[in-house]
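Trainee: Chain by chain, the residues:
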Amino acid sequence: PFIFSHAKRTNPDKPCKHFTVYYHTVIFNGTNTANATAAVVREPTKFWNTSFGQMVIFDSPLTKDQSLLSTPIGRAQGLYFYDMKMRVGSWFAYSLLFNSTEHKGIINIMGANLMHEETRDLSIVGGTGDFFMARGIVTLRTEDVDIPRYFRLQMDVKLYECY
Amino acid sequence: PFIFSHAKRTNPDKPCKHFTVYYHTVIFNGTNTANATAAVVREPTKFWNTSFGQMVIFDSPLTKDQSLLSTPIGRAQGLYFYDMKMRVGSWFAYSLLFNSTEHKGIINIMGANLMHEETRDLSIVGGTGDFFMARGIVTLRTEDVDIPRYFRLQMDVKLYECY
Amino acid sequence: PFIFSHAKRTNPDKPCKHFTVYYHTVIFNGTNTANATAAVVREPTKFWNTSFGQMVIFDSPLTKDQSLLSTPIGRAQGLYFYDMKMRVGSWFAYSLLFNSTEHKGIINIMGANLMHEETRDLSIVGGTGDFFMARGIVTLRTEDVDIPRYFRLQMDVKLYECY
Numbered sequence: 255p256f257i258f259s260h261a262k263r264t265n266p267d268k269p270c271k272h273f274t275v276y277y278h279t280v281i282f283n284g285t286n287t288a289n290a291t292a293a294v295v296r297e298p299t300k301f302w303n304t305s306f307g308q309m310v311i312f313d314s315p316l317t318k319d320q321s322l323l324s325t326p327i328g329r330a331q332g333l334y335f336y337d338m339k340m341r342v343g344s345w346f347a348y349s350l351l352f353n354s355t356e357h358k359g360i361i362n363i364m365g366a367n368l369m370h371e372e373t374r375d376l377s378i379v380g381g382t383g384d385f386f387m388a389r390g391i392v393t394l395r396t397e398d399v400d401i402p403r404y405f406r407l408q409m410d411v412k413l414y415e416c417y
Numbered sequence: 255p256f257i258f259s260h261a262k263r264t265n266p267d268k269p270c271k272h273f274t275v276y277y278h279t280v281i282f283n284g285t286n287t288a289n290a291t292a293a294v295v296r297e298p299t300k301f302w303n304t305s306f307g308q309m310v311i312f313d314s315p316l317t318k319d320q321s322l323l324s325t326p327i328g329r330a331q332g333l334y335f336y337d338m339k340m341r342v343g344s345w346f347a348y349s350l351l352f353n354s355t356e357h358k359g360i361i362n363i364m365g366a367n368l369m370h371e372e373t374r375d376l377s378i379v380g381g382t383g384d385f386f387m388a389r390g391i392v393t394l395r396t397e398d399v400d401i402p403r404y405f406r407l408q409m410d411v412k413l414y415e416c417y
Numbered sequence: 255p256f257i258f259s260h261a262k263r264t265n266p267d268k269p270c271k272h273f274t275v276y277y278h279t280v281i282f283n284g285t286n287t288a289n290a291t292a293a294v295v296r297e298p299t300k301f302w303n304t305s306f307g308q309m310v311i312f313d314s315p316l317t318k319d320q321s322l323l324s325t326p327i328g329r330a331q332g333l334y335f336y337d338m339k340m341r342v343g344s345w346f347a348y349s350l351l352f353n354s355t356e357h358k359g360i361i362n363i364m365g366a367n368l369m370h371e372e373t374r375d376l377s378i379v380g381g382t383g384d385f386f387m388a389r390g391i392v393t394l395r396t397e398d399v400d401i402p403r404y405f406r407l408q409m410d411v412k413l414y415e416c417y
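So the protein sequences, as listed, match chains X, B and S.
For what it's worth, my numbering labels the leading residue of the first sequence as 255, then goes sequentially.
For what it's worth, my numbering labels the leading residue of the second sequence as 255, then goes sequentially.
For what it's worth, my numbering labels the leading residue of the third sequence as 255, then goes sequentially.
Isolated chain X, as found in the complex (with noise of 0.2 angstroms):
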């Protein structure tokens, strides 16, 4: 039988898979269905003026270089909600989906998005394909923003536990 650790030693500079994606989210105003990538589902509340309560569905492209116009090498699908009363902050729940000869497979992230850091971590909790039950963080950095129009999100995501 095998007795479990509970400590367990892992260098953060040093994950077991490491690559970088930009997401980008053009968000739906009505009129512009064919570039679009996100549509807001819930206005922002009266509760406070940093947007909180506004949620935002988005199936947006990933790609390898910062350009919107590059061709895309996987999607981001999911979710983000603002929740922050002082500052302006979010919190995603969303996939990373590629189907490329570089990634095929899934990684499932969850975490607050503290707007006002320069990185954020969020969690990898789990994935399938080439990264299947992986964990790991994924750190985002904003690189362009143009609310509500358009943003653009450097994800650097990093596996600590590979299979």
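Since the hints were derived computationally from the structure, they do not count as laboratory data.
Certain hints may be false.
[As the list claims (entries may be wrong)] On the chain B side, residues computed to face chain X include the following (Cβ under 8 angstroms):
#1 THR264
#2 GLY284
#3 PHE301
#4 LYS339
#5 GLY365
[Unchecked claim] Using 20 angstroms as the maximum straight-line C-alpha spacing, the simulated PhoX-like pairs for lysine-lysine come out as follows:
#6 S:LYS271 with S:LYS318
#7 X:LYS262 with S:LYS268
#8 S:LYS412 with X:LYS262
#9 S:LYS271 with X:LYS262
#10 S:LYS358 with X:LYS262
#11 B:LYS412 with B:LYS268
#12 B:LYS358 with B:LYS318
Virtual Cβ for every residue (Gly too), placed ideally from N, Cα, C.
We have chain X already, so just place chains B and S on it with the hints.
Mentor: The following block gives chains B and S in isolation, referenced to the frame of chain X:
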């Protein structure tokens, strides 16, 4: 001190626990209060014709065989929303709750339900009771669908980390 | 090569990290802007009389003792929604955010809050900072409830995988 290895080997064909349940959802239509197991909380947006943006909250029975009328062995409770632009697909976050002689405990799940694929793998991210701290994959297969009235999914539960 | 074993042994009574916080939610009623910590983003559906379908987004203080007026030691940010038909129960997805001398980092949580049970176990699916890659259980206990105005939950945080 125990040095944790990044690289784990697990045979996807040999889960440490494996069973199948059937999930039945009957959408509330305003009058079927007794039979309904789910309600739309957000109608689709006008963004696209793939139900994009529709959100559904459910409290749906789980059965051991395919009949909606069988005695439930548990319940699935949570949320899904349609989040695909070019195809019809949804994203789930939910729990499987069991309280029978066979299983006692909860399994927590999230991930993408790509409805154009015959089977879809979602992540089991944790659990309680018999499923304490479990991780694994649940594979969904649509078996019967009469949207918007009713659909049935086979859910094949495979745990790869058991405690 | 390291052969991973499926079977892990962990004593639920011996977490590698353990502490308790108190979560306070004051629902926005249209006028209590200064004190409110949460807002309803979806009213209950007409499906059933158990608040089914109501969704709430929160940015709620965490305290070390039971007083709402104590200095917060962190915040809980995320979403819950009522998803039980025959009883009143909700489903949570949220983060605990700490930035004090005691704790720095984030814990990500999801799971069912079966309000008819005295205590409910949700899954800790990941974390950052002091809680890098953590997994565990958070046990909720309702301590004070004056719905729809205010409720307080004890959140007992138990990590079983620490890095």
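Trainee: Against this structure, judge whether each hint is valid.
Mentor: To see whether the hints hold, each was checked on the structure:
1. THR264: 5 angstroms, holds
2. GLY284: Hint violated; GLY284 of chain B Cβ to chain X Cβ min 21 angstroms, cut 8 angstroms.
3. PHE301: 4 angstroms, holds
4. LYS339: 4 angstroms, holds
5. GLY365: It holds, given that the least Cβ distance between GLY365 of chain B and chain X is near 5 angstroms, below 8 angstroms.
6. S:LYS271 with S:LYS318: 16 angstroms, holds
7. X:LYS262 with S:LYS268: Holds, because 16 angstroms separates the two Cα atoms, which is no more than 20 angstroms.
8. S:LYS412 with X:LYS262: 16 angstroms, holds
9. S:LYS271 with X:LYS262: 13 angstroms, holds
10. S:LYS358 with X:LYS262: With Cα atoms ~19 angstroms apart, LYS358 of chain S and LYS262 of chain X stay inside 20 angstroms; holds.
11. B:LYS412 with B:LYS268: 9 angstroms, holds
12. B:LYS358 with B:LYS318: 15 angstroms, holds
Violation of the numbered hints given earlier is confined to hint 2; every other hint is satisfied by the structure.
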